[in-house]
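**Q** Chain by chain, the residues run as shown.
There are 2 protein chains.
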Amino acid sequence: MNIMDETSGKEASATRGAYMSLRDMILTGALPAGEKLKIEQLRKLLDTGASPVREALSLLTSDMLVERIDQRGFRAAPASTENFAEILKLRCVLEDMALRQSIASATPEWEENLVLAHHRMKQLTGAASFEDAHKLFHMALLANSSSPMLERFCSQLYDLNIRYRNLASSGRNYQKRDITAEHEEILACAVRRDADATSTALLSHYRLTGAYLTSQLVNL
Amino acid sequence: MNIMDETSGKEASATRGAYMSLRDMILTGALPAGEKLKIEQLRKLLDTGASPVREALSLLTSDMLVERIDQRGFRAAPASTENFAEILKLRCVLEDMALRQSIASATPEWEENLVLAHHRMKQLTGAASFEDAHKLFHMALLANSSSPMLERFCSQLYDLNIRYRNLASSGRNYQKRDITAEHEEILACAVRRDADATSTALLSHYRLTGAYLTSQLVNL
DNA sequence: AAGTCAATAAATATCGATATTTTTCTAGCG
DNA sequence: CGCTAGAAAAATATCGATATTTATTGACTT
Chain C
0 MNIMDETSGK
10 EASATRGAYM
20 SLRDMILTGA
30 LPAGEKLKIE
40 QLRKLLDTGA
50 SPVREALSLL
60 TSDMLVERID
70 QRGFRAAPAS
80 TENFAEILKL
90 RCVLEDMALR
100 QSIASATPEW
110 EENLVLAHHR
120 MKQLTGAASF
130 EDAHKLFHMA
140 LLANSSSPML
150 ERFCSQLYDL
160 NIRYRNLASS
170 GRNYQKRDIT
180 AEHEEILACA
190 VRRDADATST
200 ALLSHYRLTG
210 AYLTSQLVNL
Chain G
0 MNIMDETSGK
10 EASATRGAYM
20 SLRDMILTGA
30 LPAGEKLKIE
40 QLRKLLDTGA
50 SPVREALSLL
60 TSDMLVERID
70 QRGFRAAPAS
80 TENFAEILKL
90 RCVLEDMALR
100 QSIASATPEW
110 EENLVLAHHR
120 MKQLTGAASF
130 EDAHKLFHMA
140 LLANSSSPML
150 ERFCSQLYDL
160 NIRYRNLASS
170 GRNYQKRDIT
180 AEHEEILACA
190 VRRDADATST
200 ALLSHYRLTG
210 AYLTSQLVNL
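The listed protein sequences correspond, in order, to chains C and G.
Under numbering that gives the first Met the number 0, think of the first position of the first sequence as 0, with each following residue one higher.
Under numbering that gives the first Met the number 0, think of the first position of the second sequence as 0, with each following residue one higher.
Please note that a few of the clues may not be correct.
Where chains are identical, the list cannot tell them apart; a pair therefore holds if satisfied intra-copy or between any two copies.
To be verified - Derived lysine to any residue pairs resembling SDA-like cross-links, with alpha carbons at most 25 angstroms apart:
1. K121 / W109
2. K175 / S12
3. K88 / T106
4. K43 / D69
5. K134 / D69
6. K37 / A11
7. K88 / Q174
8. K37 / A49
9. K88 / S154
Don't read these hints as lab results, they were simulated from the structure.
Sequences and hints are given; from them, build the entire structure.
**A** In C-alpha cells, the structure reads:
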C-alpha cells in the first residue's frame, strides 16, 4: 500500500496511524522477523482498537512485511539470507528497467526533481530523516518511468532492503565506502542522460551494499 | 495475498469467502473497473458482516485489484490500455526471469509437475475450470525459480491479465491462433531444457494474446 | 446565475462484546 | 514414560451499534 508519501503529520485515521507505526516497527526491527503479531498486544501497544490494528496488518500484507494465515493471525515476515538475495536480485532487474524508462523519456521537471532530492539528501545528517531523503532520491531516479506498478514494486523492494539494513546493523556499522561519492556519480550520469552509465553506477551501489549486508547477516 | 492455491472448498473463514468472491467478481468484471465498492452494498450482496468485507478488500489491495483511499473507502482498480501495456511488459520481463531460473535448476519433479499440469489443462474444456488449469500450467513453468517473491509477482500479474481478457471478451471471442499448439511448443522446449527457446515461445504466446486483447480494448 | 455555507444524508471507520477456532495443559490410558 | 482425548485458556474472527467523516442538497448572498 505504501502511504508514506502523503502529506505528513495531520490527523489521520486510526488505521493509518497503526499502519505507519507497525510498518516502522517492522522495518526497524522493533518487531523482529517472524514474530507472532497478536492483535490484543498491539492494540495496547498502540493504544487503539482492534479493528484498526487488524486492518493495518492486512494492509501491511501488500508490502510483504506481514504474513497472514487464515484463522491464525499475523506474523512479521520472516527474514533469511535467501530472501535478502532474492530482494537484491529483483531490485537490480526492476530498478534497471525503471531507470532506463525514466531516462529514455527524461524531462526537465524530472531532472530538476532529481537534483532537488539529491540536494536535500546531502543536507540531512540525522539518521531518520536521512533515510527518508535517501529513499526519495532513489525513487526520484525512477519517477519518470511512466510505469506506476513498476515504481510500486521498486518502492516495496526498497523498503524490504532497508529492513535488512537495520537487521544487519547490530554489528559495527563501519563501511569504508564513500556513499556520498556514489550518489554524486549516479546523479551526474543521470543528468547527462547516460542510461548505461547510470544503471551501472546504481546497480553497483546496490550490489556493494548488498555484499556488505550479506556479510553482516551471518546470524540469520 | 493470493489464496487461490489453498485446498479448495472447505469451511473457510468469512473473510476468506468474501475475498474469493470479490476477487472473482473483479476478475470477471462483475464489479466493473473503477467502481466504488461500498461496504454496506457488498455486505448484503455476500450476505456477511462488514468486518469480513472490509478485511477482504484490504487484502485485495495486495493483488492490485482494489484501491483504498484513506477515509473514503475502496474502489475496484481502474483499467486502461496503458495499464494493460504495463502489465504485459512486466510479465514478459518477470516471467522470462522466473522461467530461466526454473529451467536452470530443473529437476525431474518440476518436469513431471509441468507435464501433469499440461495434461490436465488439455483435458478440461469447461471455461471456468480451464482457466484454473491454464494458470496452473503457466505457474508450473515458473515453479522452480527458487524465488517466491518473483513467483508471487508473476501470479499477480497473471491474474491482472486475465482480468483484461475478461474485460475485452465482450466482443466476439474469435482468434485464429492455435493456442493448443503454442502450449505444446512451450512444454516441449521446457522439457528439453532449452531456456532460450522456451522463453521465446512463452513471450510470443503472451505478446500475441496481448496484441489481440489490445485491439479489443478500444472501449477503454 | 455562480458561489458559498449550513444542514442533511450517506458512507466510512471504530468500538466493545461475543462467537469460533486454535493452542496449551493435564489427566488418564496403553 | 510417551501418547492421546478432552477440558481450559488464549487468540482470532465476527457482529451490531455508534462515532466520524465525507458527500449532497438547497436556501441565501452577491
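**Q** A separate judgement is required for each hint: does it hold in the structure or not?
**A** So, going through the hints one by one against the coordinates:
1. K121 / W109: Cα proximity of K121 and W109: one copy only (18 angstroms, versus 50 angstroms across).
2. K175 / S12: neither (43 angstroms within a copy, 53 angstroms between copies)
3. K88 / T106: Between copies only: 22 angstroms across, 28 angstroms inside.
4. K43 / D69: Classified as both: same-chain Cα gap 23 angstroms, cross-chain 23 angstroms, threshold 25 angstroms.
5. K134 / D69: Answer is between: at 23 angstroms across copies they meet the 25 angstroms cutoff, but 33 angstroms inside does not.
6. K37 / A11: This pair counts as both: shortest intra-copy Cα distance 23 angstroms, inter-copy 21 angstroms.
7. K88 / Q174: Close inside one copy (22 angstroms), not across copies (38 angstroms); limit 25 angstroms.
8. K37 / A49: Both: 10 angstroms inside a chain and 22 angstroms across chains, each within 25 angstroms.
9. K88 / S154: both (14 angstroms within a copy, 18 angstroms between copies)
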